[in-house]
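**Q** Residue numbers (my numbering), protein chains in the order written: chain D, 671 to 739; chain V, 3 to 192.
No lab work stands behind these hints, which were simulated from the structure alone.
As the structure is a computational prediction, the values presented were derived from the model and not from experiment.
There could be a bad hint or two in this list.
Said to hold, decoys possible - List time: in silico BS3-like cross-link candidates among lysine-lysine, alpha-carbon distance up to 30 Å:
1. Lys697(D) - Lys76(V)
2. Lys703(D) - Lys674(D)
3. Lys674(D) - Lys190(V)
Unchecked claim - Computed from the model, here is a short list of chain D residues facing chain V with C-beta under 8 Å:
4. Ala672
5. Ile676
6. Gly688
7. Glu691
8. Gly716
9. Gly718
Backbone N, C-alpha and C fix where the C-beta goes; we use that ideal spot for every residue, glycine too.
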Amino acid sequence: MASKRIAVVEQGRCVACGACENVCPRKAIGVYKGCYARVDLSLCVGCGKCGQTCPAGCIRLQERTEAPV
Amino acid sequence: MRRKRWYDYLWIWSIVYFALGFFNILFAWLGMIDFLLPLAFAAFGGNKFFCNHLCGRGQLFQKLGGELKCSRNKPSPRWFSAKWFRYGFLVFFLVMFGNMVFQTYLVAVGAESLREAIKLFWTFRIPWGWTYTAGTVSPWIAQFSFGFYSLMLTSLLIGLIVMVLYRPRSWCTFCPMGTMTQSICKIKNH
């Protein structure tokens with residue numbers, strides 16, 4: 671069952687440092703081609719660790735809107 | 003949890019690098035690795051593998067600020083990650099780097115003599131002569147070492163300050179290398 675919440679990255683402010691990637695317990699977030707962090711919605715459980723680590727503070731949790739995968 | 007890899011211990015390299023500079027300034031040249039590798043990854047691989055996994059400084063900040071809790075862990079001010087500040091800081095840094103290379107050139111052609119000191123925050127000159135015996139190498143090689151180590155130590159100190167004030171890796175938001183490599187990746191992967 672999909673989690674109620676997911677992490678959302680504000681890509682315009684992401685510096686692609688990879689801090690989120692290194693704390694994610696599920697490999698659900700990762701830096702995409704050195705440009706910005708991207709969330710794999712099927713893996714994200716909305717724990718919020720990435721958001722607490724992100725130095726730019728550009729990751730927040732949001733209610734999952736689409737139908738569960 | 004993620005399996006530990008050999009490169010998860012590169013924070014030790016960061017400590018070793020700065021320690022070596024207290025004994026022999028010529029080791030400062032090793033810092034060129036941290037300068038060229040990220041650019042190589044970005045230019046040839048189109049990624050930020052260096053920032054993401056190999057940066058000893060980022061790991062050190064994460065260790066000190068995260069595991070050892072030497073950080074208030076408050077989000078950085080928004081302007082830290084604003085484009086104008088990131089590019090502005092990059093330009094400032096490159097100008098200072100250029101100035102350092104120019105000083106090296108002046109020493110190389112004999113217009114200036116070697117200064118056995120490091121300059122912190124581009125302002126405060128600190129005698130550092132015990133790390134170098136005159137005549138060991140060409141004066142310009144030593145001059146570059148002092149200049150480069152100054153740059154590395156200054157940026158480390160800025161990084162430590164923002165680590166304590168904000169989040170462990172706050173330095174990464176405006177790290178000149180990070181801005182440069184991200185720009186290269188964006189151009190390459192557009």
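**Q** Taken at face value, is the distance from the CA of Lys76(V) to the CA of Lys697(D) at most 30 Å?
**A** 24 Å, holds
**Q** The hint names Gly718(D) as touching chain V; please verify it with the least Cβ-Cβ distance against 8 Å.
**A** 13 Å, violated
**Q** Quick one, are Lys674(D) and Lys190(V) close enough, alpha carbons at most 30 Å?
**A** 36 Å, violated
**Q** Restraint: Gly716(D) near chain V, CB-CB cut 8 Å. Satisfied or not?
**A** With Cβ-Cβ at 18 Å, over 8 Å, it is violated.
**Q** Does the closest beta carbon of chain V sit nearer than 8 Å to the beta carbon of Ala672(D)?
**A** 22 Å, violated
**Q** Any CB of chain V closer than 8 Å to the CB of Gly688(D)?
**A** 3 Å, holds
**Q** Does Ile676(D) pass the interface hint, meaning its C-beta sits closer than 8 Å to a C-beta of chain V?
**A** 20 Å, violated
**Q** Take the shortest C-beta to C-beta distance between Glu691(D) and chain V; is it under 8 Å?
**A** 6 Å, holds
**Q** Keeping to a limit of 30 Å between CA atoms, is the pair of Lys703(D) and Lys674(D) held or broken?
**A** Judged against 30 Å, a Cα distance of about 28 Å means the pair holds.
Hint check: violations occur at hints 3, 4, 5, 8 and 9; the rest are consistent with the structure.
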